[in-house]
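Asks: So the chains spell out like this:
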Amino acid sequence: MIRVELPAHLRTLARVTGEVEVNVAGTATVSAVLDALEERHPALRGTIRDQVTHMRRPFVRFFVCGEDWSHEGADVPLPDAVARGDEPLLVVGAIAGG
Amino acid sequence: MSKVRVLVGTRKGAFTLTADGKREHWEIRGPHFAGWEIYHVKGSPVDPDRLYASQSSGWFGQIVQSSHDGGQTWEPAGNKFVYDGVPGTHQWYDGTPHPWEFKRVWHFEPSLTDADTVYAGVEDAAIFRSTDAGQTWQELPGLRGHGSGPHWQPGAGGMCLHTIILDPNDPQRMFIAISAAGAFRTDDGGATWRPINRGLRSKQIPDEDAEVGHCVHRIAMHKQRPAVLFMQKHWDVMRSDNAGDSWTEVSGNLPTDFGFAIDVHAHEPETIYVVPIKSDSEHFPLEGKLRVYRSRTGGNEWEPLTAGLPQRDCYVNVLRDAMAVDTLDGCGVYFGTTGGQLYVSSNAGDTWAPIVHDLPAVLSVEVQTLP
Chain A
1 MIRVELPAHL RTLARVTGEV EVNVAGTATV SAVLDALEER HPALRGTIRD QVTHMRRPFV
61 RFFVCGEDWS HEGADVPLPD AVARGDEPLL VVGAIAGG
Chain B
1001 MSKVRVLVGT RKGAFTLTAD GKREHWEIRG PHFAGWEIYH VKGSPVDPDR LYASQSSGWF
1061 GQIVQSSHDG GQTWEPAGNK FVYDGVPGTH QWYDGTPHPW EFKRVWHFEP SLTDADTVYA
1121 GVEDAAIFRS TDAGQTWQEL PGLRGHGSGP HWQPGAGGMC LHTIILDPND PQRMFIAISA
1181 AGAFRTDDGG ATWRPINRGL RSKQIPDEDA EVGHCVHRIA MHKQRPAVLF MQKHWDVMRS
1241 DNAGDSWTEV SGNLPTDFGF AIDVHAHEPE TIYVVPIKSD SEHFPLEGKL RVYRSRTGGN
1301 EWEPLTAGLP QRDCYVNVLR DAMAVDTLDG CGVYFGTTGG QLYVSSNAGD TWAPIVHDLP
1361 AVLSVEVQTL P
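Quick mapping for you: the protein sequence lines, in order, are chains A and B. Following our numbering, the numbering of the first sequence begins with 1 at its first residue and continues without gaps. Following our numbering, the numbering of the second sequence begins with 1001 at its first residue and continues without gaps.
For the record, the hints were derived by calculation from the structure and aren't laboratory data. The beta carbon of each residue, even a glycine, is placed where N, CA and C say it ideally should be. A hint or two may mislead.
[To be verified] One-sided and incomplete, this derived list gives chain A residues near chain B with beta-carbon spacing under 10 Å:
# : residue
1 : Pro7
2 : Leu13
3 : Ala43
4 : Leu44
5 : Gln51
6 : Phe59
All chains should be modelled from the sequences, with the hints used to inform the complete structure.
Replies: Below is the structure:
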């Protein structure tokens, strides 16, 4: 079970409160986690990554275990602590005005 | 008694406002989708409880919401807008080629005959159609394929397709407008398009009479006379009596002919409304006075409408999709401001009153007249 923490607007859109938990078959990667997340919550499609290219949206960042994971490859295995569910994958909206 | 439902899109959510035919006491619901930009909300003329809302943010992109109960509940619909084929390039602000990139939906136009069919005008400019109530979207590629696409360029708000008008007498005919490319018309259901900008003159482009490149802000039509179009261009208020084949200026005695919104009285096809804005560098009313101007002669002769509107220290803007009319007797006229005020006139503009003062900046206003 992998824990994902979403920003407030996406929690509202997905109609969830608190963290989301998803199951990933095989190696836990950002790509695999987002696949599972979007399968479970279709309203999130296109909000974190492009629906065609799967590129991360420019104002969205990923953090894991206190590190910026935004620029790691989407298929790089996530740390064991995230794969085990000890630590969440944080999906964060970049800080900007408005 | 009939009632009206006003659909308001703002910078921070959507609102629905309802009243009976007197339009004096309003119930305000919202914000729906709080914190998101709602560029447009519009209902189906076939099934007025079927609504479509464009919800977007710079962070999380485009969401399409639909309602089957007049906005009481909403469900996300499809939000996958993919240009047909290789998108190619348009002009960037500095004239260099820039790749076509989808950013958001500016305007929804539900079909006049099928509640499941809806058109979407998007930025970067293109028109999409859904025939399954917004679940999936397909571009009508003939518009960008017209050939002039590489010469289109963004206006200050982006390169947006902001106006879609369906001809009530001819299901094959549609009009669209793009800032800053101009107006286009299809006579074959969207397969092919041609620019309809003859007579427009725009000093900000190198060739003032160019076929494309004009910053059309808004077009309005009276459904009983679909060959007559009225246009608020960047500068100039224009009129066409031949479905856009040619345009003549009808700015007449307006104190400034810059503006965004334009609309037509529901029962008087020659009565039109604009909100003059000082200039393209000062997006607020002249002299701090918020004035709607009405022409009862289809243009050229205009009268200021001021009763109930602030006549000092007012520096708001009225955006292109932020004016609408109802179809009750007397014709209600509505507009929203970037200051968050929503005004209504229940007597065709003679007097005005605010429905609400302090919404977020208003991006769009639509009105439904309900039984």
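Asks: Using the nearest Cβ pair, does Phe59/A come within less than 10 Å of chain B?
Replies: holds, 4 Å
Asks: Given Gln51/A was flagged as interface, is its beta-carbon under 10 Å from a beta-carbon of chain B?
Replies: holds, 5 Å
Asks: Under 10 Å is the threshold here; is the Cβ of Leu44/A close enough to any Cβ of chain B for the hint to stand?
Replies: holds, 9 Å
Asks: Would the hint on Leu13/A be counted as holding, given a Cβ-Cβ threshold of 10 Å to chain B?
Replies: holds, 7 Å
Asks: Please check whether Ala43/A passes as an interface residue: C-beta within 10 Å of a C-beta belonging to chain B.
Replies: holds, 4 Å
Asks: Hint check: is the beta carbon of Pro7/A less than 10 Å from a beta carbon of chain B?
Replies: This interface hint holds because 8 Å falls under the 10 Å limit.
Going down the numbered hints, you'll see the structure goes against none, and every one checks out.
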